[in-house]
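Novice: Following the hints, complete the assembly by docking chain P with the ligand onto the known chain B.
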Amino acid sequence: MADTPRPAPVPDAVTAPFWEGCAQGELRVQECRACRFRWLPGSVVCPHCWSDAVTWVASAGEGTVVTFAVYHRSYHPAFQPLVPYVVAVVELAEGPRLVSNVVGVAPERVRVGMPVRVEFQSAGDIALPVFRPVGEGD
Amino acid sequence: MPTSARIVGVGHTSLAPRLNRSAWALQAEAVRAAVADAGLRPQDVDGLITEPGYSQGVIEGITPHFLRLGAMLGLNPRYTSSEVLGGASCVAMVQRAAMAVAAGLCNVCVCVFGDAPSMARGTWSYGRGDGSAFGLFGAAGLHALAARRHMAVYGTRPEHLGEVAVTFRQHAGLTPHAQQRAPLPLGEYLESPYLVEPLRVLDCCLISDGAGAVVVTSAERARDLSRGGIRIAGFGQAHNLTGLAGADYLTTLPARESGPIAFGMAGITHDDVDIAQLYDCFTIVVLMQLEDYGFCAKGAAGAFVADGHLRLGGRLPTNTAGGLLSEGFGGGMFHVIEAVRQLRGECGARQVEEAEVALVSGHGLGMNTHATVILCRD
Ligand SMILES: [Zn+2]
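Going down the list, the sequences are from chains B and P. Count the first sequence with the working numbering and you get residues 1 to 138, in order. Count the second sequence with the working numbering and you get residues 139 to 516, in order.
I should point out that these hints are in silico values taken from the structure, not numbers from a laboratory. Don't be surprised by glycine CBs; every beta carbon is placed ideally from N, CA and C. A portion of the hints provided could be inaccurate.
Keeping only pairs whose Cα atoms sit at most 25 Å apart, straight-line, the calculated SDA-like set for lysine to any residue is [as the list claims (entries may be wrong)]:
{"#": "1", "chain 1": "P", "residue 1": "K436", "chain 2": "P", "residue 2": "E395"}
{"#": "2", "chain 1": "P", "residue 1": "K436", "chain 2": "B", "residue 2": "T64"}
{"#": "3", "chain 1": "P", "residue 1": "K436", "chain 2": "B", "residue 2": "G95"}
{"#": "4", "chain 1": "P", "residue 1": "K436", "chain 2": "P", "residue 2": "H447"}
{"#": "5", "chain 1": "P", "residue 1": "K436", "chain 2": "P", "residue 2": "D409"}
{"#": "6", "chain 1": "P", "residue 1": "K436", "chain 2": "B", "residue 2": "G113"}
{"#": "7", "chain 1": "P", "residue 1": "K436", "chain 2": "B", "residue 2": "R111"}
{"#": "8", "chain 1": "P", "residue 1": "K436", "chain 2": "P", "residue 2": "E297"}
{"#": "9", "chain 1": "P", "residue 1": "K436", "chain 2": "B", "residue 2": "V112"}
{"#": "10", "chain 1": "P", "residue 1": "K436", "chain 2": "P", "residue 2": "G452"}
{"#": "11", "chain 1": "P", "residue 1": "K436", "chain 2": "B", "residue 2": "E91"}
Rough simulated footprint, nothing fancy, chain B against chain P, three-plus residues with beta-carbon under 8 Å [said to hold, decoys possible]:
{"#": "12", "segment": "271-278"}
{"#": "13", "segment": "286-294"}
{"#": "14", "segment": "332-338"}
{"#": "15", "segment": "371-384"}
Next comes chain B alone, as it looks inside the complex (with noise of 0.2 Å):
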């Protein structure tokens, strides 16, 4: 692991629910009572209908690689150590995208498509929500 604790997200009112979720092992994603839109990042109305009855429901923590990066270069001294690293944009079944890494699974195995499962590593005092293949080994 790297020496260098990696930038930490600053969780904010808005936020601080999606990173609680991911200390206590659960990725959360926003929903509108009023429509049933799901959505990331947080908001404080729905973006499709603009109520304000949102809410934090939990998602199963399964989707589907939609891009993925290898970065060849590391621009942080936290990533240093990891380089090459995979940053990935994740389309969870419930339809919500984010940001994350892949991980233990070498860049090049790495495809568009692949289903991804969540699963948490500490950094620091935040946990962070990454992907693994689901089916593919340590």
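Specialist: Structure of chain P with the ligand alone, referenced to chain B:
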């Protein structure tokens, strides 16, 4: 609202990795050159629109950039502002100037971009919000995500991205002020290292010190000037503010909406466009714009560029001075300047014959903002 505003002057500094001058000094030089090119005097300027540049603005926070530059230039304009749309700013500034002139708010409006990253503390590889916890740094990462998706869905190949870099380098070779002029063979591109795969260093814009400016005025005022000017025939903007939350993000640019607005205002079709100056912070964005503007079908840009259509003599000569990839990082203002020069017929060895209509685009803040302008020689 067809516009009659015209660009009557262009000016710029050199572009180089290190000019050892402040961004302010570069901006002042570009303004002076553009106003002189228009045959106007400092006292004639009554509008000032500025773009602070990445190292001055986007990273270190927007202070009223126009305030300090205006003070240094001794201006008390009737209209002023700073544009903060990232790479879409310069094209948006020209639009804003055209609107201000059309509305009678001012009559001689200077638009200026300038930056001196070599003199700044900021870095271009800044984190992208919470994405930096996952190692998403710099605009290159975001565009690499777009490139990978394009490759997976449409079969776009590294050679297609390479053709963009190779073509613009060829154009830069014919551009005396370009930063990178040595020919780039496709083989050399393909053997070059990745930065954020699938993007190589050669897929990324250069980093430059430099500044560029244009002068916008009314058709009436332009008639009194030795240069009749180039008409700002149409323009449009569109923005994707929802980012990843939208299914189109990383696959489709707001050029899809911005283009038809600009074409409609100018009363032209794709066939009328003689040259394009497309914002090229990364090669993939050129492919996406060709598709989203409708110069080819969605997914067909790889084949389109492989056919050589972006080259001088091709169907749509593009970034004829080399663009951000080889001319240097002119923030998008050098795209406007090159379009004006082509339409004036001043481009020497790289001149596109009979160039009458140019499309210029700006794309910025990740993949969120987009602006289009159509310029006509009439
Ligand atoms: Zn709703």
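Novice: Each hint should be assessed against the structure and marked as holding or not.
Specialist: Evaluation of the provided hints:
1. For the hint linking P:K436 to P:E395, the alpha-carbon distance of about 14 Å falls within 25 Å, and the restraint holds.
2. Proposed proximity of P:K436 and B:T64 is supported: the alpha carbons are some 23 Å apart, at most 25 Å.
3. Pair hint P:K436 plus B:G95 holds up; C-alpha atoms about 24 Å apart against a cutoff of 25 Å.
4. As the CA atoms of P:K436 and P:H447 are separated by approximately 16 Å, the hinted pair is consistent with the 25 Å bound.
5. This hinted pair checks out: P:K436 and P:D409 have alpha carbons roughly 18 Å apart, not beyond 25 Å.
6. For a cut-off of 25 Å, the pair hint linking P:K436 to B:G113 stands: about 20 Å separates their Cα positions.
7. For the hint linking P:K436 to B:R111, the alpha-carbon distance of about 22 Å falls within 25 Å, and the restraint holds.
8. Between the alpha carbons of P:K436 and P:E297 the distance comes to roughly 18 Å, so the proposed pair stays at or under 25 Å and holds.
9. Distance restraint check for P:K436 and B:V112: the Cα-Cα separation of roughly 19 Å lies within the 25 Å cut-off, and the hinted pair is therefore satisfied.
10. At roughly 20 Å between alpha-carbon atoms, P:K436 and P:G452 fall within 25 Å of each other, so this suggested pair holds.
11. Between P:K436 and B:E91, the direct Cα distance comes to roughly 22 Å. Compliance with the 25 Å bound is thereby established for this hinted pair.
12. Restraint check on the segment 271-278 of chain P versus chain B: 6 residues with Cβ-Cβ distances below 8 Å, three needed, restraint holds.
13. Taking a C-beta to C-beta cut-off of 8 Å, the segment 286-294 of chain P contributes 4 residues in contact with chain B, enough for the three needed, and the coverage statement holds.
14. Closer than 8 Å: that is the beta-carbon criterion, and the segment 332-338 of chain P has 6 residues meeting it against chain B, so the requirement of 3 holds.
15. With 3 residues carrying a beta carbon less than 8 Å from a beta carbon of chain B, the segment 371-384 of chain P meets the three-residue requirement, and the given coverage holds.
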